[in-house]
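Could you put together the complete structure from these sequences and hints?
Protein chains in written order, with this note's numbering: chain A, 1 to 279; chain B, 280 to 583; chain C, 584 to 1017.
There could be a bad hint or two in this list.
Stated by the list, open to error - Mimicking EDC-like on lysine to aspartate or glutamate, the simulated pairs with C-alpha atoms at most 20 Å apart in a straight line are: (1) Lys244(A) / Glu23(A); (2) Lys75(A) / Glu7(A); (3) Lys244(A) / Asp257(A); (4) Lys870(C) / Asp155(A); (5) Lys244(A) / Asp9(A); (6) Lys75(A) / Asp9(A); (7) Lys870(C) / Glu970(C); (8) Lys870(C) / Asp156(A); (9) Lys555(B) / Glu926(C); (10) Lys19(A) / Asp9(A); (11) Lys870(C) / Glu134(A); (12) Lys244(A) / Asp22(A).
By construction, these hints were calculated from the structure, which means they are not laboratory data.
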Amino acid sequence: MAAPILEVDALSMRFGGLKAVDEVSFTAHAGDITAVIGPNGAGKTTVFNCITGFYRPTSGRLRLHRDGRATELQKLQGHDIARAGIARTFQNIRLFPGMTALENLLVAQHRPLMRASGFAIGAILGLSGYPAAERAAIARATRWLEATGLIERADDPAGALPYGQQRRLEIARAMCTSPLLLCLDEPAAGLNPRESVDLARLLRAIRDGEAAEGEPPCSLLLIEHDMGVVMGISDRVVVLDHGKKIADGTPAEVRADPRVIAAYLGEGDEDEVPAEAAP
Amino acid sequence: MAYALQQLINGVALGMIYGLIAVGYTMVYGIIGMINFAHGDIFMVGAFVALITIVLLLSGGIMEGPGAIMLVLLVSMCVTALYGWTVERVAYRPLRGSFRLAPLISAIGMSIVLQNYVQVAQGARVKPLEPIVPGGFTVMTEGTFVVQVSWMQLVIVLVTLAVLAVFTWLVTRTALGRSMRACEQDRRMAQLLGINTDRVISITFVIGAALASVAGMMYLLRYGVIDFYIGFLAGVKAFTAAVLGGIGSLPGAVLGGLLIGLIETFWSAYFSVAYKDVATFAILAIVLIFMPTGLLGRAEVEKV
Amino acid sequence: MKGLDPQAALKDMLLAGLVALGLFAPLVGLRTDVSPTGALFIRTRWTDVAIIVGLVMAGRLAMHIFLARREARAAMADLSKPGRFATQAAFLARILGPVLLGVALLLPAIPGIGRYELDLGILVLTYIMLGWGLNIVVGLAGLLDLGYVAFYAVGAYSYALLAQYFGFSFWLCLPLAGILAAFWGILLGFPVLRLRGDYLAIVTLAFGEIIRIVLLNWVSLTGGSNGISGIPRPSFFGLPFSMEGGPGTFAGFFGIEPSPVHRVIFLYYLILALAMLTNWVSIRIRKQPLGRAWEAMREDEIACRSLGINIRNTKLSAFMIGAMFGGFAGAFFATRQGFISPESFTFIESAIILAIVVLGGLGSQIGVAIAAIVMIGGFELFRDLEEWRMLVFGAAMVLIMVWRPRGLVGSRQPTVVLRERRRIGSEHVAEGRG
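See below:
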């Protein structure tokens, strides 16, 4: 088994009296696509927001492993989590709508560019190697635009792109931060079947480091409702229900788990019956 | 002790005036999410209308008794409400659904217009008015210090409470109030449910202006001098009060007004008159830094 | 709806007249005046009311006719296509920039331009510079600042006090004023980092007022409402402008007749240089990661955070750099006037600068310049109107906003282009919630 990249250890999150997440532990392994699924209100988004630093967990630990060293994510501020190597997308897309697709991808490369620009002062005066750094950043952005099929829209404002393209742009933007772990919040929501298939292909390519030239492989963690996508591409599936983990394993194992079936059927939401979504 | 009690009385009376203006700010903000910068000047217009009516009644020799005060109040409320309605119609309605800063600039422009219009129409000189309700009664004496409540302060507190009671009833118990609260929660949904949102917004401005005119009249009777410029500072303070109390919250506006009135009076009494506004603004800044949505405001949770 | 419905228009006109009567009869018709005895009396002016009401009714009718005709024309040919004006404005903006700069550079040499025109030019350029400075905070970073004038005041008082107490020269004080204002920018920026939108607006307004009130009341340092006078005027790199002439003065060094216009011309070029510096830095920074981070923060703060951008530092840098240019402009103001008092730094100044930024179009350099020329120049044109002038000024603010809510130049120019430069329509550009 591959090395762990993210260890979630006894994570709990309380909102007032409500325990949204209760002692959840699981591990995402390097080179895997790990999916967190569960019925509505299971606490998926809360787990996700804890990992990506938008909530501070009530208790528990989140360890990110990088080159043999572990970073305790729960101790970091929001932007430092991104710097530690976690990139994310949002359920209701959060692009910079008034900026072009290319600009969106350059903002994602803010840190290396900022350093190259001598924290703005050098670059204003025309010193330093900023132009070269910017050329490199544009080249990288271009590769990602090609990888996501958006190269034709590079100079269009992100807000003017159709929904499916915005989703892909958001993934490209997250990847431009050079993450170790890419976290996707319902990436297939609102996509048509063809777009879902394309998305699955893109995510697998990202995992294997084949999406864009020169990009290393990247592990993925995703929350998803669309069972077709989840079962098709995930290497490992974690199932939550009522804030607790009820199953953890390969898609096939999870699909056969009676507790999982009960959780989904119990909710009475037919769209989410795994059996139906399975091919 | 006695000195502090006197300051408390003065502070409450002043705070009531701020609270009345703040309600107008908070209501408009609650419904259309904009700072109605011209609201302070609406207050000033209300004071002027009251002044004109009083002078008119005085020259007719019928400025006597509570009836006359009620009449002045009524005239002032009606005319000022018309101003509030017109301002919304001319400067804000065309910008509905537009970008946030456009109505703000339009409102600042409207504030300049109202100030200078009153200056042109009524002259730049300060208008002094003889006390209409002189005298008062003594609450207690401590040594040589006499704690006084003037009749005027009593009138201010009573009228404010009465107006607020009527207003609270209007917002919580009537169909109109329900429509207003619906618009506040979700304007588009309210529209889909058949509420005439334009009308509700107009009525909000009308009520806000009427309340401001009450404040204007109280200010006039309490201080006895007004000019075209009083709206700015009173407006800023009242807005501060609304923000302090948590903008969008009606009890918050009154609470904020009272707090600002008290802070100002006590600071002037015990420290320095010159820096009373600094104290007000500093406390506003401090409160907001620790409670970014004010004292009674709902926390704004951004979903991710 | 085709054409004018005479009955409805008439009804509406009468209604407007009625409203106007209700508005103007009390406040215009009944003028309160103070009699020599100190009591108030009323003077009636019913003719004025009649004239105003008549004008309102006529105006309302004219509007109806105009709207009906436009509707009829729009029905025939679809003229009201959105964006037509925007493309025109974009084209104009491209050629207008160099043209305006050329005019500005040659202004003192144009025949017929005297001292008065140059003084007006200096005033307009000061506001352009302030507008560009505030544009960094409001237009790029999306932080609504209603107290910008505070930094202008800090700059002005820094120079005045440093010159008064330590005898520092203008050229030494100019950077110091900028640094001090930037420092205040950070200091005032810190507490408001968490505030959003209107809360930020009111706290910045409060800070502006606090600084003004302190300047007003700290009499031992600032002279209170009497202000500071006798602030040294600038020299031409060490050569003073003196009417005596002779060696060691500007006129003497260059061997020309001493003239008071020399100093005005020098001040004019000084503020032009300062304004162009502001412009140049703004344009450069916009194409840098820092400027992109500002704009991204305006578009979506949460997304910025998820990309590892430190919101605190990014916000503070915007406050700092915006404040710095305010400080430069303040130092210039002090040396130009030779006298400063808190009266020059009231809220209305902040409001005017903000209005220039919004009217010009958030984030647009040329738009801000045009708005400053229109607003400040227009204000000066109407100086014969005296007390009506501010009334017209305020009404113009309302009308321009109603006419173009997104400002004169609402579109956004991308900072980097892969293949083809396209302007971004204002409907996509956010204006920030901070």
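Quiz item: Okay, which hints does this one fail, numbers in order?
Solution: Per hint list: single violation, 7.
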